[in-house]
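**Student:** Sequences listed follow chains A and B, in order. In case it helps, the numbering used here puts the first sequence at residues 800 to 1059. In case it helps, the numbering used here puts the second sequence at residues 54 to 399.
Some hints here could point you the wrong way.
As the list claims (entries may be wrong) - Quick list of simulated restraints, FRET-style, between CB atoms:
1) B:66 <-> A:857: 32 to 38 Å
2) A:1011 <-> B:207: 39 to 45 Å
3) B:241 <-> A:896: 28 to 34 Å
4) B:388 <-> A:895: 35 to 41 Å
5) A:913 <-> B:207: 32 to 38 Å
6) B:263 <-> A:860: 48 to 54 Å
7) A:855 <-> B:177: 50 to 56 Å
8) A:913 <-> B:68: 26 to 32 Å
9) A:838 <-> B:68: 52 to 58 Å
These are computed hints drawn from the structure, not numbers from a lab. If you're wondering where the values come from, they're calculated on a predicted model, not measured in any experiment. Glycine is no exception: its CB is placed at the ideal position from the N, C-alpha and C atoms.
The residues making up each chain are set out below.
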Amino acid sequence: MTSAVSFSGLSYAYRTGGWSLRSCTGSVPKGSVTAVLGPNGCGKTTLLKLILSLIKPMEGSLTVDGQTALVPQIFKVAFAFAVLDMVLMGRARKIGFFSQPSGRDLQAARQALDRVGLAHLERRSFHELSGGQRQLVILARALVAEAEILLMDEPTSALDLKNQDLVLRWMDRLTKKDGLTVIFTTHHPHHALAVADRAFLMLEEGVRLDGTAEQTLTAENLRCLYGLPLQRLDFEYRGFKTSTITPVFLAPEPSSPEVP
Amino acid sequence: MEKEKNKNWPEKLLLPTLIFLLLLSLVFSLGLGRYPVSAEEIVKIILNTSLGDRHDPDDVPWLVIMIVRLPRILMATVAGMGLAMAGAAMQGVFRNPLVGPEVAGVSAGASFGGVLAISLGFSPLYGVTLTAFVFGAGALVSAFFISRLTGSSGVLGLILAGVIISAFFGALMGIIIYLSDPAARLPGIVYWLMGSFSSATYPKMALMAGATLIGGVPLLGLSWRINLLSLGQVDAEALGIKVNFLRWSVVFCVSLIVAAQVAVSGGVGWVGLVMPHLARMLVGPEHSRLLPVSALLGGIYLSMMDNLARSLTTQEIPIGLITAIVGTPVFLFMFIKMQTRGWSDD
């Protein structure tokens, strides 16, 4: 399988501090969902920025095959733009510096909005939408940019359960049906286990484990990653075989984190 | 759905309506004054003159319309259009509904230049105007380098630079005012600072219209991109935007308009702050629709305010005072309205 993103020995440091990312190696196959997990400050966002080529690696190599788009968490925009205007912003690369969006851009934006099933909301204010709907609008904005690799920054973190399911379903659908590649950061191992084909486990300063979700997202690995016990559960719900992984909060014995 | 469709139709009618109102306000303004001229006569004079008809230089209605009133009214209209559009753009760049076009410190620089030129006895047309313009441009360049020096390339650096520049030129201006001869120079300085279009001439009008065109046309071109500046820095960059370049392009265009306006007519505040809010109520926040509507509203508003300035009393009232007196309650009203629309928790 060809890779959409691959990197080796990737390092980056911000001007203000030490290494944010150190000798990081991994690859993301085309058409897959890859989850990036790790504690705060482990360089997840730096990795996304590098893949988006917003910053340049200081060491190592990085190959990105395809147009990338960021799907950030947006809860508030300074102005109450209409949903269609938000989606249209994804066309920025295709619209000249002194130009206005053309009819074709508008059509593309409508199609993208239709693709995520929100065509009926195009004139509504972005502020009036639910968190899940906003996430889908930003997803449509990435689609209208004709991106092949979507980088989603904690796409489920502030959503209620139903909207979490909605966004996860879309991630699954865009990769399995449309052949896009999705890389997402998350603090929820059970989301990674539900939707991801592959997972990066990042400790401070770099990817320490890169493999299929099945291999990497074990209770033991995650215990080392987060420094608290986790329990994996495999079960069947009405014939649907699935697994989840949950942290054991307030566990009686103290855990000792080790690097795997 | 019904409501959404209703929301759509005025947009198509709004621009023609506003253009018509602007033309109407021009004719109305030309007719207003101590020497009455009928609307019919005004249209006839303008049409004949623009068709190249020679006129008897002693023809009083012609003199009143073409020499006395038209340059002034055009200047007020163009200034209003430029300031309102510039204000709408700046509110977009700063993502803040409380900023006006002067926030980068250009007004302060241009005001200082004007005061300096008056105190040195420069000629009112070229001396004062050009000095003010040069200092306005100088303030912009300083703001640019200061914001680079502070290292914060974002909006914060720009705000800090604007505050520093405004305070600095404000202080210099204070020194000049303090030292200037209270009998000879001071009244002129104070009057100029309060803003007026009473000294309008065609050359001044041309200077301002030229600068407003050079700044305004690219600004209209950039209007859609201003939307992208309301996203976060990383988000906008990931969409392929060179955020700092775009931001400074907008600030540059705005500053050109503001410097030219201050140079020819002194301090005229509140237009660039209030008109964009009114426009946003009509067409929403999307900047490619907002900027043209702001400009038209600004033109109508400032020409009407100038009508008050020249005809409310027998003596001329500085327009800067009128725009502030009318602008503040209008702004308060809109602020209260906006609060009910959920803007205040931002």
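**Student:** State for each hint whether it applies.
**Tutor:** Evaluated hints:
1. B:66 <-> A:857: 32 to 38 Å: Since the Cβ atoms of residue 66 of chain B and residue 857 of chain A sit about 57 Å apart, the hinted range of 32 to 38 Å is violated.
2. A:1011 <-> B:207: 39 to 45 Å: holds (40 Å)
3. B:241 <-> A:896: 28 to 34 Å: violated (43 Å)
4. B:388 <-> A:895: 35 to 41 Å: holds (37 Å)
5. A:913 <-> B:207: 32 to 38 Å: 35 Å Cβ-Cβ, so the 32 to 38 Å window holds.
6. B:263 <-> A:860: 48 to 54 Å: For residue 263 of chain B and residue 860 of chain A the Cβ distance comes to about 53 Å; the hint holds.
7. A:855 <-> B:177: 50 to 56 Å: Holds: the Cβ-Cβ distance is about 54 Å, inside 50 to 56 Å.
8. A:913 <-> B:68: 26 to 32 Å: Holds - the Cβ-Cβ distance for residue 913 of chain A and residue 68 of chain B, about 29 Å, lies within 26 to 32 Å.
9. A:838 <-> B:68: 52 to 58 Å: holds (54 Å)
Hints 1, 3 from the list above are not met by this structure, while the remaining hints are.
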